[in-house]
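Modelling step: build the complete structure from the supplied sequences, incorporating the hints.
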Amino acid sequence: MRWRIWAFGWIAWVLTGCAAFDEYEDPVYLGRAMSRLSYVPAEGFREGDVLDSLLRIKEARLQSGSVDLPLLLEANRDPYDREVPSLPNQEGWHWLTLTIPASNPELHMMEVSSSSIDSMVVWMMCGDRVLHQTTAHGSSRHWPRGKGFGNFPAFDLPEEPCDDLRAIVGMKSGRGTPIPIRVHERSLLEVWQIRRDSFFMFYLGIMVVMLLYNAFLFFTLEDRTYLLYILFLVGVAGSQFALNGYSWMLGLNSHTWLGSRFVHFVGMYSGITTFLFIQRFLDLKRLAPGYYKTLNIILLCYVPAMVFLLWGKLNVAFDLINMPAMFSVLVLPAARHTMKRGHKSARFLLVAFSVFLVAVTVFALREFIPAIPHNWFTDFLMPIGSIVEVVLLSLALGDRINQFKRESEEAREEQLRISRLNEQIMQEQNAALEQRVQERTERLQEQNNTLESTLAELRMAQNQLVQSEKLASIGQLTAGIAHELNNPINFVSSSAQSLRRDFEDVASILQEVERLDSEGEQLDEAVRELHALVKRLDLEFTMKEIEELLTGIEDGAIRTSEIVKGLRIFSRMDGDAITRADINELLESTLVILRSSLKEEVQLHVDLAPNLETIECQPGKLNQVFMNLITNAAQATKDQEPQDRQVRVRTRMVLEGDNSWVQVAITDNGTGMSKEVLDHIFDPFYTTKDVGEGTGLGLSIVKGILDDHHAVLHIDTQPGEGSTFLISFPA
Amino acid sequence: MIHVLYLDDEEHNLTAFRAAFRRHFEVHVTTDSAVAERLLDEHPIEVVISDQKMPEICGVEFFEMIMANHPDPVRMLLTGHADIDAVIDAINKGRIYKYISKPWNEAELKRLVEEASEIYRARKRSQQVSAAYGKNLMSIREALILMRAECVEEPLPTQETRLRWISALDATIQWIENPDSEFHLP
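Here the protein sequences come in this chain order: Z and G.
In this text, residue positions in the first sequence follow our numbering: the first is 1, and each later residue adds one.
In this text, residue positions in the second sequence follow our numbering: the first is 1001, and each later residue adds one.
SDA-like cross-link-like pairs, simulated, lysine to any residue; straight-line CA separation at most 20 Å:
1) Z:LYS544 with G:HIS1028
2) G:LYS1098 with Z:ASN486
3) Z:LYS638 with G:MET1054
FYI, nobody ran anything at the bench for these hints, they're computed from the structure.
Here is the structure:
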């Protein structure tokens, strides 16, 4: 790629050059034949005043219509040995004396091939005789161009033959410039001009095409680089046109204020736009900030140049304008630098500028190295170089589009690759994720199962505990009932047996009495025997005993049935069903069961209010509550002597506004509870009893049952002074 | 007739008991422990039956109470339900022969009372025998002491013989006084 660009640049340059070059003979340059006046003060003039003085003289003479030629000729003492003389970049008039080769009839005109001369005066002399004089300033019509051809000043050679034909030329310019002065036939000069014109038309065509093309790109892409390119292109082309004397096209007279400064302005404009374009094109701000700053500083040089230009110091301004142009060499390392940082299009710029710089260098060196000829090729070196430059840069800009396209394509491909990669990664991750989710789910499931089974076990354990609590109360109940029942059963069954024997005794007496009837004659005997029997069997005692036994049996039956009744109330086989019940009745049935076990242990005081309202409740459950609380109360007193152990059970009706309450208070004078114990008594499995004595569930079950009944439980306790459990049932 | 004392706070039990056993035993019943003690003093009671659960005093306590003055009668505890603590107490403290649960089986209770009575009588007999035996031993001891005194005073063939006899008598007396020691003649 790179070598192709280079090859294109150089080949295009050379080919364009060749196309412009033709077989016409080179013009005759008069450089070696002329002498220069500058810097050599004439006798009687002070150094430094020379030019002004001469100018004054010249002006004076011109005004008078004559010139002090001897003075001028006398000052002519610096022979010139170059083919093309150079006008130094100094203010004022510069004088040359030219020796025109011996009369060649073919030579008709003398052309000063420079557009840089602002004012000019020529004397044609044969020997010491002035043949004619021409002033070429002030008005364009004095320029040969005005006469019909040529961009450069041209003068007719005198027609009369002369062996010592000389021209004394005075020139004034706002800038230093080489002045190729050549003499030739007028037709040839015209041909040259035509060729120059056609070359520059071609040049203008290319430039316009480039301009339009890039303008189109600018409006299409709205990339300001194209705008800068267009401005740059205008500068390049403009400076080439101006340098080659085409400012007349704008109607500018070199003598006028603007005409004399036009090249300066164009040069400045071209320099500024070039630098700005380069900065933009190479993206120096981003890629090479050092070069960017340097170029900005260089651009500042144009400020004093502008000042001097406006002030009228054209030559100083010209130096100042040329200075930054020299720094344009910096473009090459800058381009190189940005290339290294990945700016591929910089290569075009590198080629373009190196071609242009070589052209400029060759153009400039032409004056100092005689080996470089002044010919078409070297004349048009700069425009050709600028064409190559402009075209290459346009290509570079085109390449920028390609590069953008490529970059965007690469970016898209990269995007695609990344997205594919992402997709792949996503898929893999998804798979992994799914796997993990699967594992996690299984683990969770497992944990869930474990939890469920644990929960089930816990529930079972809890049920068992609740059950065991129930069993414990049933055991307590059975023990109480057993004693309570066994006594009556004992005496009833025993009495029944005894009664049978007693009855047998009585029956045997009755048999004797019956026999008394049948054995009428032996009545006395029989009566005596009967008496004996009655005495032996102690009938009176037996009858009394029978009486007692029957009473016992009756009593036993009543008591047994009462116990069974109490038991039924207590246990209420319909336990969970809600019915209206009398709390007193429930308490009494509970006490029936507890009394036998408690009566040996504690002093039980029962104080039940007679006018209690019945309440909606689950009687079986409440019995469990009362039994639990009363048993606890009794156990709380166990550290004391039996006669001191007090348990009090009371009920009462409380009216409180519209609400009425059935209250049950169970009070003991036992150990009481501390705050810490009180905080925990309803916690399941919390117990202050020894291991194995309580499940710790009793009060938690009590609490649950009371909550179900919307009952309020208030506990009043002091350690060492006993506790009162006050239950308030809403009536 | 075997004298049986029955203590229970339940009047009907007493009636039933007397009705059941008055034909076989001399039955004494009461609800009052103080009366029971007096009955023990007044009658040669061989078997004492007491209910465990009573409001003023429990069965085991009653047995402990009468232990000092009436150690001989055989004791039986009657209770409404099996209370293991009461059983343990009864056996350890009250030296209970049998533990009977209510309701009682009449035949079995009768047999138990008879067995208890056997034990009581056997115990009494052995007491009498051992008392008689002890009495005999004492009289032998006194005789031996007399013999020893005579041995000291009476002339004997040799001094050596005298001493041998005396020591033999001493060992025998000592043995009688302390029957647990081992008896051997020097």
